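**Q** Each chain, written out:
Protein chains: 2
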Amino acid sequence: MTMSALIPVANGNEEIETVCLIDIARRAGMDVTVASVDQQTITASRGVRIIADTSIEECKGTRYDLIAVPGGTEGARRLSGSQRLAELLERQAGSGRLFGAICAAPALVLEPLGLLEGRRATCHPNLFDSLRRGIAVEERVVVDGNCVTSRGPGTAIEFALTLVEILFSDQKAKELADAMVVRKRSVLVQ
Amino acid sequence: MTMSALIPVANGNEEIETVCLIDIARRAGMDVTVASVDQQTITASRGVRIIADTSIEECKGTRYDLIAVPGGTEGARRLSGSQRLAELLERQAGSGRLFGAICAAPALVLEPLGLLEGRRATCHPNLFDSLRRGIAVEERVVVDGNCVTSRGPGTAIEFALTLVEILFSDQKAKELADAMVVRKRSVLVQ
Chain A
96 MTMSALIPVA NGNEEIETVC LIDIARRAGM DVTVASVDQQ TITASRGVRI
146 IADTSIEECK GTRYDLIAVP GGTEGARRLS GSQRLAELLE RQAGSGRLFG
196 AICAAPALVL EPLGLLEGRR ATCHPNLFDS LRRGIAVEER VVVDGNCVTS
246 RGPGTAIEFA LTLVEILFSD QKAKELADAM VVRKRSVLVQ
Chain B
96 MTMSALIPVA NGNEEIETVC LIDIARRAGM DVTVASVDQQ TITASRGVRI
146 IADTSIEECK GTRYDLIAVP GGTEGARRLS GSQRLAELLE RQAGSGRLFG
196 AICAAPALVL EPLGLLEGRR ATCHPNLFDS LRRGIAVEER VVVDGNCVTS
246 RGPGTAIEFA LTLVEILFSD QKAKELADAM VVRKRSVLVQ
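Protein chains in written order, with my numbering: chain A, 96 to 285; chain B, 96 to 285.
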């Protein structure tokens with residue numbers, strides 16, 4: 096059965112992080128839905144205009160194998176204002192299915208929902224002190240149970256490949272890494 | 096004076112490569128023009144829809160400090176069909192101003208124009224044998240005079256930071272790398 100992923104987006108999301116998540120999940124063969132909490136065309140943090148597949152409202156009640164939240168401070172702040180996304184993330188976390196966030200999103204989206212409570216987690220260095228309820232860890236990608244967090248555009252490929260490694264296999268992640276010419280030491284779960 | 100960059104795009108360009116170039120050039124403070132050789136909204140290689148700023152036809156006669164060409168086999172093939180882009184690249188190369196290409200684009204865009212003649216260059220491993228007129232080098236980023244080439248999505252940040260290093264300074268590239276949480280060893284010109 097095809098694995099499914101939800102990538103929520105908003106104006107101000109970091110475009111490298113957003114696109115790495117979408118691209119690599121699709122390379123892995125996942126059915127990826129890019130859902131906006133704003134209008135359908137979002138303007139990312141450095142001005143790249145990306146057209147979402149649908150609205151977050153349309154995702155109500157849908158079950159995803161993965162929900163992965165891109166960062167960018169303004170984008171993460173806007174995502175944190177979506178009640179629909181909050182419901183989806185809370186259900187994902189509670190059900191044991193995989194969820195993750197990168198850069199500003201662990202601190203601004205997962206933390207306020209209490210989803211990092213007692214978990215090892217990381218985020219962008221600028222927001223590291225905001226991980227108050229979790230166990231803040233200075234690593235590039237941190238896996239704790241069904242929650243995966245990461246730090247910024249420069250860790251976005253490692254983050255996405257870690258999600259593939261968990262949902263599929265080491266082998267699948269390595270195949271994708273080779274095809275993308277990723278440094279070999281960047282793809283292992285730490 | 097503000098530095099300017101042209102990023103030509105087409106349907107089928109690799110979205111990680113495309114967005115890394117745009118994002119990092121804008122982080123460096125460059126005035127970046129994303130110009131399509133197809134319609135204004137392109138569908139990248141893994142389905143991400145990106146809205147260009149303008150058409151390549153509108154770029155005729157404009158002087159850029161940098162022209163950087165994203166890959167993805169189908170995207171590079173379509174870019175290679177643009178006479179306007181060919182003229183811009185030939186003039187850029189001849190004038191000594193900086194130009195570059197990544198992934199399939201060195202082999203499918205620069206090579207047929209003769210712009211790699213006698214130069215050290217690299218490209219995606221799958222197309223490596225197509226670098227017939229250049230000196231093919233298996234490195235992640237290769238600089239030869241005003242020509243910079245690179246290999247794939249996993250080298251896109253290093254490629255873009257190398258362009259920043261050449262146009263601005265080591266210090267600027269390092270500042271961007273730190274803010275993006277890039278591995279330190281990935282940012283130096285090799």
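Hints are not guaranteed to be accurate.
Same chains, same label: a pair holds when it works inside one copy or across any pair of copies.
Stated by the list, open to error - Calculated pairs, SDA-like style, for lysine to any residue (alpha carbon to alpha carbon, straight line, at most 20 Å):
hint: 1; residue 1: LYS279; residue 2: GLU234
hint: 2; residue 1: LYS155; residue 2: ASP224
hint: 3; residue 1: LYS269; residue 2: LYS279
hint: 4; residue 1: LYS267; residue 2: ASN241
hint: 5; residue 1: LYS155; residue 2: THR138
No wet-lab data here; the hints were simulated from the structure.
This one's a predicted model, so the numbers in the text were calculated from it and none came from an experiment.
**Q** Could you run down the list of hints and mark each one as holding or not?
**A** Against the structure, the hints come out as follows:
no.: 1; hint: LYS279 - GLU234; result: both (17 Å within a copy, 14 Å between copies)
no.: 2; hint: LYS155 - ASP224; result: neither (32 Å within a copy, 49 Å between copies)
no.: 3; hint: LYS269 - LYS279; result: within (8 Å within a copy, 22 Å between copies)
no.: 4; hint: LYS267 - ASN241; result: within (19 Å within a copy, 37 Å between copies)
no.: 5; hint: LYS155 - THR138; result: neither (24 Å within a copy, 26 Å between copies)
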